[in-house]
Amino acid sequence: MQNTAPQETTETQKAGIIQMIGVHKWYGEFHVLKDINLLVDQGERIVICGPSGSGKSTLIRCINRLEEHQQGQIIVDSVELTSDLKHIEQIRREVGMCFQHFNLFPHLTVLENLTLAPIWVRKVPKAEAEEIGMKYLERVKIPDQAQKFPGQLSGGQQQRVAIARSLCMNPNIMLFDEPTSALDPEMIKEVLDTMIELAETGMTMICVTHEMGFAKTVANRVIFMDEGQIVEENEPNEFFDNPQHERTKLFLSQILAH
Amino acid sequence: MSDQADKAGTTVAKPPPWNDPFVRSIFFQVVAIGLLGYFFYSIFDNTLSNMAKSGVSTGFAFLTREAGFGILMSLIEYDETHTYGRTFFVGLLNTAIVAFCGIILATILGFVIGIARLSNNWLVSKLATVYIEIIRNIPLLLQIIFWSVAVLQALPDPQNSIKYGESFFLNNRGLFLPKPIFEDGFGLVTIAFLVAIAAIVYIKRWARQRQEQSGDQFPVFLTSVALITGLPLLVFLAMGMPISWEYSALERFSFVGGSNIIPEFMALLWALTMYTAAFIAEIVRSGIQAVSHGQTEAARALGLRNGPTLRLVIIPQAMRVIIPPLTSQYLNLTKNSSLATAIGYPDLVSVFMGTTLNQTGQAVEIVAMTMAVYLTFSLGISAIMNWYNKRVALVER
Ligand SMILES: Nc1ncnc2c1ncn2[C@@H]1O[C@H](COP(=O)(O)OP(=O)(O)O)[C@@H](O)[C@H]1O
Ligand SMILES: [Mg+2]
Chain A
1 MQNTAPQETT
11 ETQKAGIIQM
21 IGVHKWYGEF
31 HVLKDINLLV
41 DQGERIVICG
51 PSGSGKSTLI
61 RCINRLEEHQ
71 QGQIIVDSVE
81 LTSDLKHIEQ
91 IRREVGMCFQ
101 HFNLFPHLTV
111 LENLTLAPIW
121 VRKVPKAEAE
131 EIGMKYLERV
141 KIPDQAQKFP
151 GQLSGGQQQR
161 VAIARSLCMN
171 PNIMLFDEPT
181 SALDPEMIKE
191 VLDTMIELAE
201 TGMTMICVTH
211 EMGFAKTVAN
221 RVIFMDEGQI
231 VEENEPNEFF
241 DNPQHERTKL
251 FLSQILAH
Chain B
259 MSDQADKAGT
269 TVAKPPPWND
279 PFVRSIFFQV
289 VAIGLLGYFF
299 YSIFDNTLSN
309 MAKSGVSTGF
319 AFLTREAGFG
329 ILMSLIEYDE
339 THTYGRTFFV
349 GLLNTAIVAF
359 CGIILATILG
369 FVIGIARLSN
379 NWLVSKLATV
389 YIEIIRNIPL
399 LLQIIFWSVA
409 VLQALPDPQN
419 SIKYGESFFL
429 NNRGLFLPKP
439 IFEDGFGLVT
449 IAFLVAIAAI
459 VYIKRWARQR
469 QEQSGDQFPV
479 FLTSVALITG
489 LPLLVFLAMG
499 MPISWEYSAL
509 ERFSFVGGSN
519 IIPEFMALLW
529 ALTMYTAAFI
539 AEIVRSGIQA
549 VSHGQTEAAR
559 ALGLRNGPTL
569 RLVIIPQAMR
579 VIIPPLTSQY
589 LNLTKNSSLA
599 TAIGYPDLVS
609 VFMGTTLNQT
619 GQAVEIVAMT
629 MAVYLTFSLG
639 ISAIMNWYNK
649 RVALVER
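Protein chains in written order, with this note's numbering: chain A, 1 to 258; chain B, 259 to 655.
By construction, these hints were calculated from the structure, which means they are not laboratory data. Please read all numbers here as calculations on a predicted model, not as lab measurements. Hints may be right or wrong, so weigh each one.
[To be verified] Away from chain A, derived, C-beta distances all over 10 Å, residues of chain B: (1) Phe511; (2) Ile519; (3) Gly552; (4) Leu560.
[Stated by the list, open to error] Below 25 Å or equal to it, Euclidean Cα-Cα: the simulated PhoX-like pairs (lysine-lysine) are: (5) A:Lys148 to B:Lys648; (6) B:Lys462 to A:Lys123; (7) A:Lys148 to A:Lys135; (8) B:Lys462 to A:Lys126; (9) A:Lys216 to A:Lys249; (10) A:Lys189 to A:Lys141; (11) A:Lys216 to A:Lys189; (12) A:Lys141 to A:Lys126; (13) A:Lys34 to A:Lys189.
[Unchecked claim] Listing some non-contacts, in silico: residues in chain A with all C-beta distances to chain B over 12 Å: (14) Gly72; (15) Glu94; (16) Thr194; (17) His210; (18) Gln229.
Note that beta-carbon positions come from the ideal geometry of N, C-alpha and C, so glycine has one too.
Go ahead and model the full structure; you've got the sequences and the hints to work with.
Written out as structure tokens, the structure is:
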């Protein structure tokens, strides 16, 4: 809402809604992120791929500070992420996130899952929050499931609820951490379609995924990570047809083998 | 073939009764109940005829006879001239009070230690672990005796009481406190208290309606605390403090007046609380840990703060796991309170199944009554906890 510092213009905001500058992170002794530099403009759609354990999740979790970095700067929507709780809260309100395992609240109905944050964080009246919730449930095409509990839905439906839940907070940026990798094959498409529709609205998206078709359809840029570093970064066609690094080639040959 | 298909089309074919699972289960249940009934009947019959042979009187007439023995602590008026019936109630209340206080204190201590064990602070979590591991691995009876000996023997005699001002005295006869005496006008304070409760119910409703209309949250909890303490206090002061205190005073070798908490009670309550809290702490820890970390992360990612995350997301899910074993801890505590006999705390088992039984010899009636009391307590606790479980825990699926 009013998270833009007054001296910032819309220009700079558009040109680097997410800025990661020389970011390092360690888990104890383990150097998990090494000198990450990443600029994301408003409306850009980034796909991150790379072998398991390369630090993809850690990277995007730093953007809403589910993980903290130890060195370098992360600036989201002109607010720098430090241990300042106020900034963290402000950014989490603006940045939505979807997880591999959905992480819906099992004790709440689908609609209550959607209205919880608007009511308690944005202080929206309940009726209005429910209206917003229903609107987004219609967007993800499951308004008829509003009164069910998450455990009664299929995996694909659950992930769509999770997307709707994030959208109810009206975020500027959406982060996805392998949103389809816990799904049965026949459900992957419905979730990807939802994400493609979201991309068409101009949402800024960072998506960790190995769905190459999705990357080709929506991504402006594909980033390849390995061992905590950004190894290669290119627009999707160039990235897949003409990878530059050996490690990228090896990785692509492995995932395309399936 | 076509014949079978026809049959299946109309109704599912029925097996012969001796192969029908429904008929079978009814049959076995009837047999089981019959055997159980016969078992109890034969025990009962046997005991009665044995007692008749040895000349023990039966029936509940003894309850109206004079008991002729004193009891160390009673919540109702009692001396040796009262009846055995009254002895029963004195014991019952003594058991009830120690169980009630124990459940409340053990719950508080248990939650604190359970959460402490999950603390990020190394020292705090290690201390909690050490507490749990030591306390729950020592037999309760040993702990009760330990605290009794430690409390009783470490305390000074009445002449050398540990005192706080001239109103609180602690010595090996117990803790002596001033006793409140309510004067005219105290009734109004009670009324103010009831009004405060009514107001809280109203405010809760109003706050919810306001949230639904305008989205604003109202600090219901803080307001409630303020109301429930503030309003009675205000009336209390306005009425000119309609309460006076009767102080304990040392007369020769002992204290008279005021109220007294006996050391046996303190030792038993303390031991029961410490012991049960260790188990409750483990229940609370595992309950919170059973809620996956992803839940916290999802709540954080939505911008919820720690307070609402705990209250709206973690606790409701943890409660589902916590309540059933918590209930059985409450039942354990209540039943364990009968170990009071070991240190001479006059609980139900001690005064009724002990002294009364010895004096009257009416074992069947006394054991039955005592068992009925524990059964009633247990069923009562279970009923309350089940009701709470339904209300708070999960409506999932
Ligand atoms: N909380 C943690 N503590 C220690 N190591 C971790 C933690 N989380 C992740 N790691 C390690 O960091 C590396 C990167 O993890 P992650 O970002 O999840 O990789 P990816 O998402 O690319 O598979 C892995 O080797 C993982 O074992
Ligand atoms: Mg990952």
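Outcome of the hint check:
1. Phe511: At roughly 61 Å from the nearest Cβ of chain A, B:Phe511 sits farther out than 10 Å, so the non-interface label holds.
2. Ile519: holds (42 Å)
3. Gly552: violated (4 Å)
4. Leu560: violated (4 Å)
5. A:Lys148 to B:Lys648: holds (18 Å)
6. B:Lys462 to A:Lys123: holds (17 Å)
7. A:Lys148 to A:Lys135: holds (17 Å)
8. B:Lys462 to A:Lys126: holds (15 Å)
9. A:Lys216 to A:Lys249: holds (17 Å)
10. A:Lys189 to A:Lys141: Holds. A:Lys189 to A:Lys141 sits at ~13 Å (cutoff 25 Å).
11. A:Lys216 to A:Lys189: Between A:Lys216 and A:Lys189 the Cα gap is close to 15 Å, so the pair holds against 25 Å.
12. A:Lys141 to A:Lys126: holds (22 Å)
13. A:Lys34 to A:Lys189: Distance ~34 Å between A:Lys34 and A:Lys189 Cα, so the pair is violated.
14. Gly72: Nearest chain B Cβ is 22 Å from A:Gly72, so the label holds.
15. Glu94: Violated, because the least Cβ-Cβ distance between A:Glu94 and chain B comes to about 8 Å, which does not exceed 12 Å.
16. Thr194: It holds; A:Thr194 is separated from chain B by about 18 Å at its closest Cβ, greater than 12 Å.
17. His210: holds (21 Å)
18. Gln229: Consistent with the label, A:Gln229 stays out of reach of chain B, its closest Cβ about 25 Å off (over 12 Å).
Checked against the numbered hints above, the structure violates hints 3, 4, 13 and 15; every other hint is satisfied.
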